[in-house]
Amino acid sequence: MRASIVGLGLTALVLGYAAPVSGQWLAVDARRIGMGGLAVGLSGGVVRFNPAYRAVRRHAARPGEPRLTVPIPLGLVSFFEEHPISHITHDPMFNPDSAAFNPVEAINTLLHPPFFLQVKTPPTPTNDWIFTIGRDHLVVDLGQSRELIPVDQFGFGGSSRPIDPGVDLKGVRLSVMTWFHTEVGFQLGDQLLGFLRDADSAQHNTAYTISADAFTEGGFAPTVSYSGRIAGDTAAGFYVGAALHYYVGAGYWRTSADSAGFMTGDTIFAGPTPVTPVMHAVSSYSRVGNSVGHGIGGDLGFAYASGPVEVGFGINDIGATITWPDTRLDTLRYDQAGDSVYSKPGLRHTSTTTRLPVTYIANLGYALGKTTLGVTVLNSGRGTTIQVGGEQRFGMLAARGGVVRDQRKRMQLAWGGGVRLGSFSLDAAFATYGTSLSNERGITMATSVAIY
Amino acid sequence: MLGTVWLSALLLGCGEGRAIFNVDVLSFLTPSGDGLFSYNVVGGVPQVDLDSSVQLTLPPGLGRSSTDSVQVTAAAILQNVTGSGNVTFQVYFAKTQAGLFSGTPYISASSGPVSGPDTVPLLLPTSVSLSDSVFNATDVWAGVRLRLSTNLGPNVTGDLRLTQLALRVVLQDKVF
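Chains as they are written, first to last, in my numbering: chain A, 1 to 452; chain B, 1001 to 1176.
Quick caveat, the hints were computed from the structure, so don't treat them as lab data.
Glycine included, C-beta positions come from ideal geometry on N, C-alpha and C.
Some hints could be false.
Example chain A residues on the side facing chain B (calculated, C-beta under 8 Å, incomplete) [claimed, not checked]:
no. : residue
1   : Asp128
2   : Trp129
3   : Ile130
4   : Phe131
5   : Gly134
6   : Asp136
7   : His137
8   : Gln392
9   : Arg393
10  : Met396
Given only the sequences and the hints, what does the whole structure look like? Please build it.
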């Protein structure tokens, strides 16, 4: 039970995080990070969302754009110095049996992998928890930790396309992309919220429950796409792009719990079982190796590049509905007699459909001489991210800055600089982040080498 | 016990902090809330014990936790009605019911000689026990004992009114 709870929790959080990270471009480029993660159109980031940019990259020229960026993961070096791989199983960070194990810290490490140096790590609550217990009385005071309990619906999600290998020929591209879609969300019921966050006393015959939903699917998609300039020239051109995907789903799994938690009785602590678990959840799935899912969807993109200005708009996964022809539905229930949760098999060989979230991106870039400025607005199904940033080059030096409104609607800042020596530059950037179980921001320092 | 797994889940986020359990043991011992323990013993008995006990079910996983400290606080009033003798009040905790009253009491207080109608406040010193292994378990038994020695004469009758019996357990949790 212990391993399953921790494992499921961590897995859910990591899966939930993977998608938004990709949605917000897990930048390993210190130059981009210094501009708030901004992917000025000509860099690789926009191509994933706007197929027209394949053509923009071929035809237009922009100053200050590196051909290749190599990250320097100083954070990993530091991390593995502190947590040697040879002792990883005994490391207090990963060992729940250790007195120093702090699950919040472990989850935060997974939510924000220490790829780069952590200049400031969000504080981890280490306060005492106080349980006041009487025969008919229970109050839990979590102290500062109660701030971690989300009042509203809490969730991560989105779609990602890790790799998309293919061949290009005169604007036509044949490729096979991999795709993943994850959603994790939960919301505490009012009673449980008051019990945990406001330290309300437990009431008689009351259900303290949470509703939760976890979903993941993935597969690959043979794709044919086109991108090209349909008007203008290199100096000022209008570009379009379109892609048609035939989604092949390898597997999917969804569990929805409309109520999971516990129910108090006539007396809070009466008898050996003071509370009764409440579990009402449904799982539907089609395992990898079972029959595959099928679906068709597409991307559209437009871009206009004129002189120093470029504007783009892209939509992904239009109409991407996946049909899973052979799925199973199981119901999870609590068996009071056996004091266990059991899975009751339900429908077999039924057809289920899932839908990939439509992702929108709009970007505006300005690159003239030694100045680059840009704005990107991205919505990948779980809130909108807005990035505003810029770069100013002074001879061999460059200064950068940016502001981000992240998926949690919180403002993040970024700043940095670089030194260029011939065809190489060494870049460093600092950026705040809020992807952790904390209301305070962390700061990371990214470093990379760029080749021009 | 799955029925109390939810409490373990609560402790997941406890991190490096401590889990502190303030348990009103009195409410478990006397559900009616009056805290009364009555006695009626014939005179001339050198020693007789009147015991009362209850099982406390604590959250699972505490067996893996290390106890920082255990503090027991109690207060009582002895209300003797008839007879004379001596009443000693003792509080015990143990992992099993069988072993509950076999060890040394956590706290103890004696009324001293009482005779006839008399009211004696029992001021029990707070007991602090470090690294106590009794509470490294899901189930803990709590017991109170009235030990009476009576003088020749009429029956010794009366009540011990327990006004407070609180337990404070501080754990370095390793619940998961």
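Against the structure, the hints come out as follows:
1. A hinted interface residue such as Asp128 of chain A counts as satisfied when its beta carbon comes closer than 8 Å to some beta carbon of chain B; here the least separation is about 5 Å, so the hint holds.
2. Given the 8 Å rule on beta carbons, the hint for Trp129 of chain A holds: about 5 Å separates it from the nearest Cβ of chain B.
3. At a threshold of 8 Å, the smallest CB-CB gap from Ile130 of chain A to chain B is about 5 Å, leaving the interface hint in force.
4. Contact between Phe131 of chain A and chain B, as hinted, is supported at the beta carbon level, the nearest pair being about 5 Å apart and thus within 8 Å.
5. Restraint check, Gly134 of chain A versus chain B: the minimum CB separation of about 4 Å is within 8 Å; hint holds.
6. The closest approach between the C-beta of Asp136 of chain A and any C-beta of chain B is roughly 7 Å, which is under the 8 Å cut-off, so the hint is satisfied.
7. This hint holds: His137 of chain A has a C-beta 7 Å from the nearest C-beta of chain B, less than the 8 Å allowed.
8. Evaluation of the Gln392 of chain A hint against chain B yields a violated restraint, the C-beta minimum of about 43 Å exceeding 8 Å.
9. For Arg393 of chain A, the shortest C-beta to C-beta distance to chain B is roughly 45 Å, which exceeds 8 Å, and the interface hint is violated.
10. Contact between Met396 of chain A and chain B, as hinted, is not supported at the beta carbon level, the nearest pair being about 47 Å apart and thus beyond 8 Å.
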